[in-house]
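Enquirer: Sequence:
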Amino acid sequence: MYGGEFKGRLRRFYRGKVSHLKGTTIHPIDLSTTRKLTHQDLSGLMDLQTDYTWKTGMEDKGHGILSLSIAKLVVRSLNMNGFPLPPISFTHVHGMIRMKNGLGHIETLNADGPMAHLTGKGDIALANPYPRSIVNLDFDISLRGELAKIPLPSITGKNGAAIHLHLSGALGSPQVSLNGIVLPR
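First residue of the sequence shown: 0, per numbering that gives the first Met the number 0; consecutive thereafter.
Any given hint could be a false lead.
To be verified - Here are the in silico distance ranges between beta carbons for each label pair:
(1) PRO150 x THR107: 24 to 32 angstroms
(2) ASP122 x GLY22: 21 to 29 angstroms
(3) ILE149 x ARG10: 46 to 54 angstroms
(4) GLU145 x VAL17: 29 to 37 angstroms
(5) PRO113 x ARG11: 42 to 50 angstroms
(6) GLU106 x GLY179: 20 to 28 angstroms
(7) GLY171 x ILE149: 33 to 41 angstroms
(8) ARG11 x GLY179: 44 to 52 angstroms
(9) ARG143 x LYS99: 20 to 28 angstroms
(10) THR107 x THR55: 13 to 21 angstroms
(11) ILE180 x ARG143: 15 to 23 angstroms
(12) GLY22 x GLU106: 35 to 43 angstroms
(13) HIS62 x ARG131: 18 to 26 angstroms
Stated by the list, open to error - Computed cross-link-like contacts, EDC-like style, restricted to lysine to aspartate or glutamate with a CA-CA straight-line distance of at most 16 angstroms:
(14) LYS120 x ASP139
(15) LYS6 x ASP46
(16) LYS120 x GLU106
(17) LYS60 x ASP46
(18) LYS21 x ASP40
(19) LYS120 x GLU145
(20) LYS148 x ASP122
(21) LYS99 x ASP46
(22) LYS16 x ASP46
(23) LYS54 x ASP29
(24) LYS6 x ASP59
(25) LYS71 x GLU106
(26) LYS71 x ASP46
(27) LYS71 x ASP122
(28) LYS99 x ASP137
(29) LYS21 x ASP46
(30) LYS60 x ASP139
(31) LYS71 x ASP29
(32) LYS99 x ASP59
(33) LYS120 x ASP59
Because the hints were derived from the structure by calculation, they are not lab data.
A virtual CB, placed ideally from N, CA and C, is assigned to each residue, including glycine.
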């Protein structure tokens with residue numbers, strides 16, 4: 000469905016009631032095929048490393064670590080106050096999420112590209128379907144190139160090339176704050 004191949008080990012315990020997945024889950028995942036899942040226009044190739052255990056029927060309530068690496072990520076579906084932003088590309092993205100009972104803590108998230116450098120952290124409470132998952136995420140972004148020239152709102156008077164982005168609420172339609180200013184949906 001998303002391309003790539005599975006490498007690793009899937010073990011089932013307690014007569015199939017508990018599963019454990021360890022290794023490279025899918026290599027590579029073609030992000031252009033994930034639009035229905037993510038509701039975003041993305042491209043790039045993602046490798047997902049897992050060490051994750053769950054009960055049958057409760058896959059989103061498991062525990063473990065998910066580590067991702069994305070090469071050549073391009074996000075084409077971003078807008079600000081209804082105005083589309085140019086596609087944003089990242090040469091590479093690395094992140095690690097620690098999961099426990101459906102609650103994920105993003106321990107590290109780093110992305111670097113010609114238009115921006117991004118670091119992030121935060122929490123996500125998984126739901127099914129995934130766009131209903133609840134997020135509380137913070138990103139510090141240093142804009143470069145054409146993005147650094149876009150005038151951005153700020154309540155602190157900071158240079159617009161260094162911004163703080165906060166997302167909260169449902170993953171499918173989060174509330175967005177930029178440099179402390181809540182943006183209309």
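Enquirer: Now look at each hint and say whether the structure bears it out.
Expert: Evaluation of the provided hints:
1. PRO150 x THR107: 24 to 32 angstroms: At roughly 31 angstroms between Cβ atoms, THR107 and PRO150 fall inside 24 to 32 angstroms, so the hint holds.
2. ASP122 x GLY22: 21 to 29 angstroms: Holds - the Cβ-Cβ distance for ASP122 and GLY22, about 26 angstroms, lies within 21 to 29 angstroms.
3. ILE149 x ARG10: 46 to 54 angstroms: holds, 49 angstroms
4. GLU145 x VAL17: 29 to 37 angstroms: 50 angstroms Cβ-Cβ, so the 29 to 37 angstroms window is violated.
5. PRO113 x ARG11: 42 to 50 angstroms: holds, 45 angstroms
6. GLU106 x GLY179: 20 to 28 angstroms: Because 25 angstroms falls inside the window, the suggested range holds.
7. GLY171 x ILE149: 33 to 41 angstroms: Violated - the Cβ-Cβ distance for GLY171 and ILE149, about 25 angstroms, lies outside 33 to 41 angstroms.
8. ARG11 x GLY179: 44 to 52 angstroms: Holds: the Cβ-Cβ distance is about 48 angstroms, inside 44 to 52 angstroms.
9. ARG143 x LYS99: 20 to 28 angstroms: violated, 36 angstroms
10. THR107 x THR55: 13 to 21 angstroms: Check failed, 30 angstroms falls outside 13 to 21 angstroms.
11. ILE180 x ARG143: 15 to 23 angstroms: Cβ of ILE180 to Cβ of ARG143: about 22 angstroms, so the range 15 to 23 angstroms holds.
12. GLY22 x GLU106: 35 to 43 angstroms: For GLU106 against GLY22, whose Cβ atoms are near 20 angstroms apart, the range 35 to 43 angstroms is violated.
13. HIS62 x ARG131: 18 to 26 angstroms: Hint holds: Cβ distance 20 angstroms, inside 18 to 26 angstroms.
14. LYS120 x ASP139: holds, 9 angstroms
15. LYS6 x ASP46: holds, 11 angstroms
16. LYS120 x GLU106: holds, 6 angstroms
17. LYS60 x ASP46: violated, 22 angstroms
18. LYS21 x ASP40: violated, 29 angstroms
19. LYS120 x GLU145: violated, 25 angstroms
20. LYS148 x ASP122: violated, 31 angstroms
21. LYS99 x ASP46: violated, 21 angstroms
22. LYS16 x ASP46: Roughly 27 angstroms between the alpha carbons, so the hint for LYS16 and ASP46 is violated.
23. LYS54 x ASP29: violated, 27 angstroms
24. LYS6 x ASP59: Roughly 21 angstroms separates the two Cα atoms, so the pair is violated.
25. LYS71 x GLU106: Judged against 16 angstroms, a Cα distance of about 22 angstroms means the pair is violated.
26. LYS71 x ASP46: Status holds; Cα separation ~12 angstroms.
27. LYS71 x ASP122: violated, 25 angstroms
28. LYS99 x ASP137: violated, 20 angstroms
29. LYS21 x ASP46: Status holds; Cα separation ~13 angstroms.
30. LYS60 x ASP139: Since the Cα atoms of LYS60 and ASP139 sit roughly 29 angstroms apart, the hinted pair is violated (cutoff 16 angstroms).
31. LYS71 x ASP29: Status holds; Cα separation ~11 angstroms.
32. LYS99 x ASP59: holds, 10 angstroms
33. LYS120 x ASP59: violated, 20 angstroms
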